[in-house]
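Novice: Listed below are the residues making up each chain.
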Amino acid sequence: MKAVVWHGKHNVQVDRVPDPQILNPRDAIIRVTLSGICGSDLHLYNGIVPTMKEGDILGHEFMGVVVELGSGVTNLSKGDRVVVPFPISCGDCWYCKQGLWSLCDNSNPNSFLLEKLYGDTGAGIFGYSHLYGGYAGGQAEYVRVPYADVGMHKVPEELSDEQVLFLTDIFPTGYQAAENCSIRDGDTVAVWGCGPVGLLAMKSAQHLGATNVIGIDRFPERLEMAKRHCDAEVINYEEQDVTEALHHMTGGRGPDACIDAVGTEAHGSGMEAAYDMVKQTLRLESDRPIALRQLIRACRKGGTVSIPGVYSGFVDKMPMGSVFAKGLTLRAGQTHVHRYLDPLMKLIVSGAIDTSFIITHRMALEDAPAGYRLFNEKKDGCIKIVLNPRLASGASA
Amino acid sequence: MELTEAVSRIGARMKSRKVNVGHTERNASLVGGAALAVTGIKALTGRRYLPGLAMMVAGGMFLYRGKTGFCGLYQALGVDTSENAAGGVLIETFVTINRTPQQVYEFWRNLENLPSFMRHLESVEVTGENTSHWKARGPAGVTVEWDAEMVADYPGQLILWRSTGEAALPNEGTVEFREAPGDRGTELKVSIRYYPPGDGPGKAAAKMANAITGAQIEEDLKRLKQILETGETATAERTNNH
Ligand SMILES: NC(=O)c1ccc[n+]([C@@H]2O[C@H](COP(=O)([O-])OP(=O)(O)OC[C@H]3O[C@@H](n4cnc5c(N)ncnc54)[C@H](O)[C@@H]3O)[C@@H](O)[C@H]2O)c1
Ligand SMILES: [Zn+2]
Ligand SMILES: [Zn+2]
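Those protein sequence lines, which keep their order, are chains C and E. Counting in the working numbering, the first sequence runs from 1 upward without gaps. Counting in the working numbering, the second sequence runs from 1 upward without gaps.
Please note: incorrect hints may appear among the correct ones.
Claimed, not checked - Mimicking DSS-like on lysine-lysine, the simulated pairs with C-alpha atoms at most 30 Å apart in a straight line are:
# : chain 1 : residue 1 : chain 2 : residue 2
1 : E       : Lys189    : C       : Lys2
2 : C       : Lys346    : C       : Lys279
3 : C       : Lys154    : C       : Lys2
4 : C       : Lys346    : C       : Lys154
5 : C       : Lys116    : E       : Lys189
6 : E       : Lys189    : C       : Lys97
7 : C       : Lys227    : C       : Lys2
8 : C       : Lys9      : C       : Lys279
9 : C       : Lys116    : C       : Lys346
These are computed hints drawn from the structure, not numbers from a lab.
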């Protein structure tokens, strides 16, 4: 089959690789009909996440049609159209039973690596380094789905692939980020990063009752989308001082909740950004917490800092004194996607939220290398790329 | 230490009451014994009579052992660890499994299940009511075999076995099954002690001994947890054939 394969930093290629096979009773194989390139994939593309190996198949946002089932999967049939959550979760351990699906105890065969790094392990993730299990990803024609009985979710026929694809990751991620803000009537929620995650966090915050939503970025087309589709006020951080602008927009209080939808590769300018860039390049610091520092400074007293953006190691100069003095609540983590499939599917079916507006590029699977470059450089107004294995190369829309 | 010496020491019956518990082990016994006894009393007041009693008895025994350097349990078992404790290697690992103590116990008590999660075990064959034959495969394909007997068996609580006869790699193991607080399942504590052979005979056994590490047993226990909780072991293997 064809698959998007990691060959090194800034080097992905579409290769012919062996088809996946059923290895365990609870496995399934699906034929992928649509997959997305995620901001998280860029951390792999830019070589920020350790333990990637040449030959690894990428992709953790994908959906498709069931073509093969292990003997242990009885709640689905061949031919079913399904979405697949990006965390691989067993459904049986204490964490899964608590709804903490992305903290599954059992699904990461390399759990000892994460234990060494972080003190404990998280769930395996499709196509996301050997730290997260070394599983083959779904930017491919076929993919093996472990624990398919809990890891696949049937899609109503009347919904298109593009309407439901983002249930696999970024819609639940934006939603969980907003839910973590414990939003109350009258709240203002500020979101750093108007990429797919940030945009869907804004949509979700509004749905959960925020009175004002503010989006922060530097790309005009992304700020425009935040204004038009998410009814947000916006701040271009290259034109305005973010903390000051937020101060003015909230009567001097600061936002009630701040969401970091930027993560470890935050962009910045000036001395502070140069400091983090140099340290990250020399591997003295694994993450660049430029946005996160701002969030903490800007957030109102007693407010919440919600962090869906990915961090992978150590950060410097965290304003811990500010966290303490202002009594902030910090919430973070990989998304417990399984938990949100039913409720968010309902929102899509009822038309309450449509997430497909973020798609700017539809490309053939074979054009993925160009897609990664485009998305990484944020060229050509690129906000979200979806890859379709049945499109002919070059036929991108 | 000569292999034969180690074997004979483990097999030796204690005739008189003397110190048969090594130094570090005595201190550990004092602390551990007190904790166990207190937990036992707590369990009792929490009306978990059986485990409570068992823990108090065990705790009391360890306390006694810590103070006097004498262990009734070891004497009863004919085990003397006072000198070979230095040569012996003790590995202790812990894991919590989301199943009841009885369920975990039953799976483990069927010793023939052990190779399904212990990577270095090739087979365990039950040969009698309390006896079994073990076959391990180590690095570079070396194999080591031995006979073992079950020395203590408290359903849902504790299993203790040890190798018998002229084992090339004398060893003993204890598994404790404890109910975890709340709805968290079973806390499993696995202690494995083995006596690596010296330079003399048993090169295979020495290689095998090197392969038994805490990290490896932790991995084994993770597989056990996966099997008991999910019915299969996690793998991300890729297919190589076209
Ligand atoms: N927690 C999870 O489970 C989960 C799931 C999906 C994605 N993520 C993470 O969410 C983050 C965003 O993902 P995405 O797909 O939207 O990526 P993206 O790259 O499209 O978006 C990131 C946005 O942040 C903006 N940005 C960069 N520096 C900034 C700064 N200093 N201030 C404000 N904005 C800044 C960029 O211009 C860009 O628009 C990534 O870190 C990704 O790994 C996490
Ligand atoms: Zn993602
Ligand atoms: Zn689990």
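Novice: Against which earlier hints does the structure fall short, listed by number upward?
Specialist: 1, 2, 7 and 9
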